[in-house]
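**Student:** Per full-length UniProt numbering, the very first residue in the sequence shown carries number 1; after that it's consecutive.
Do not take every clue at face value.
What the hints assert, rightly or not - Restraint ranges, calculated between C-beta atoms of paired labels, are given here: (1) 127 with 215: 30 to 38 Å; (2) 215 with 78: 29 to 37 Å; (3) 341 with 310: 19 to 27 Å.
Derived by calculation from the structure, the hints in this document are not laboratory data.
C-beta atoms are modelled at their ideal positions from N, C-alpha and C, and glycine is treated no differently.
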Amino acid sequence: MLRQFSKRINVNAIRARDFAQLILFRASSSDIDKDKFEVKINQTNETFELYEKKVNIASGKLKKFEFPFVYLRDNCQCEFCYHAQSSSRTLSWENFDVSIKPKNFLFDDSRNVLKVIWNDNEQHTSEYDYEWLKARNFSIENREHYLKTFYRPDKKLWTKNNFKSILQNFDFMKIIETDHELYDWLNCLAIHGVAIIKNTPQTENEIRRIAERVGFIRRTHYGEDFTVKAKEGASNVAYLTAPLQMHADLPYYHHAPGVNILHCLVQSKSKGAENLLTDGFQIVNIMKQDHPEEFEALSKILVNWYDVGKEESGPPFHSILRAPMFCFDYENKIERINHSIPQRDSFFTASVEDVKRWYKALAKFIELIHREAVEFKTEEGTILSFDNSRLLHGRKQYEDSAGNYRHLVGAYLDWDEIYSRLRVLQKELKKKY
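Generate coordinates for the entire structure from the input sequences, incorporating the hints supplied.
**Tutor:** Spelled out as structure tokens, the structure:
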């Protein structure tokens with residue numbers, strides 16, 4: 001049944017002292033159902049207010065959802081304003097009225113739908129499903145829940161002491177064949193920044209198979225997939241047997257690869273070759289709290305990161321990016337760490353005083369990442385996957401000889417592709433968020 005809750009609102013005739021009043025329309029108490037909601041219109045704040053009939057036990061109050069008039073008009077779901085097949089807004093903003101107000105509004109009890117007739121020249125009509133509104137309500141709790149579960153899983157930082165408790169293993173063929181295992185692997189990677197894939201077939205193209213289950217391989221000037229083993233005329237220190245200092249890959253890229261996946265085909269039988277991993281975001285937090293001056297230096301002073309060389313598969317390269325070690329997002333949360341001793345340029349475009357305090361801060365950072373580093377040796381047939389923007393990684397020295405060598409195949413993934421895949425899987429698998 002369609003129940004009209006209001007008469008025409010002549011907005012221009014409403015006096016200023018009436019703007020603070022709420023025009024309230026309610027069903028009779030006998031009609032109240034726990035799944036229904038009340039609708040109010042607040043002319044002062046120019047919002048619709050929806051109240052769930054369920055009482056919040058903690059506060060003894062009805063849960064309220066507020067929606068600005070302009071937001072609802074902008075998000076009209078009718079075929080003229082929204083293209084459902086592409087999930088895209090088609091509403092024209094050339095003559096859009098940001099001061100739009102409702103003329104009438106109605107609530108369809110049978111469909112749980114709010115219907116709004118707008119006070120514009122066309123008297124445009126919009127309909128909003130209650131579940132659609134509820135999912136998009138502007139409460140602090142709902143916004144935080146959306147950001148931490150659907151937008152991007154909330155990261156959980158770790159230290160050397162609890163690393164074993166957060167490290168998870170996944171099965172290669174299960175990831176290839178089932179969406180559940182794929183989702184669990186990517187979700188773990190997003191939360192903890194590291195995960196192991198076991199039982200990987202021992203051929204060089206398996207890294208491509210796992211990457212393509214997610215999306216697209218991130219190509220760099222080293223190609224799409226790359227081989228890591230000791231070789232003469234190396235264009236990168238990763239191809240040497242000497243200790244590989246802890247670092248983040250490719251800091252000289254404006255959009256650096258988000259995730260590193262390394263398939264161990266042959267592991268050195270000699271002493272050494274252990275992987276080193278540290279949760280860099282945890283180190284940033286430690287420095288912010290315990291070493292604020294060093295934290296400030298690594299957050300503000302710009303460094304020249306660079307790479308020069310030539311790979312067999314491409315033209316010569318000379319990449320440079322000028323950026324601090326600690327990079328933050330729009331909400332001032334740590335988003336990326338740039339750090340690589342070999343790929344830090346000798347050109348340092350900062351003042352002498354800044355250079356001196358930056359080196360002091362770098363020394364503290366390196367002390368901390370080694371203090372919190374975990375060591376382990378990947379087994380043949382495993383893929384080590386980790387967040388390249390968050391974790392620092394390295395390797396201990398090892399002996400390379402005819403009968404004893406180390407062979408890995410690697411590739412990169414972008415977080416944009418991973419987060420996209422996670423959201424699709426979340427909806428398809430009907431994961432709660």
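**Student:** Against this structure, judge whether each hint is valid.
**Tutor:** Against the structure, the hints:
1. In this structure, residue 127 and residue 215 meet the distance hint of 30 to 38 Å, their C-beta atoms being roughly 35 Å apart.
2. For residue 215 and residue 78, the Cβ-Cβ distance of about 33 Å falls inside the hinted range of 29 to 37 Å, so the restraint holds.
3. Taking 19 to 27 Å as the suggested C-beta distance range, the pair residue 341 and residue 310 conforms, at roughly 22 Å.
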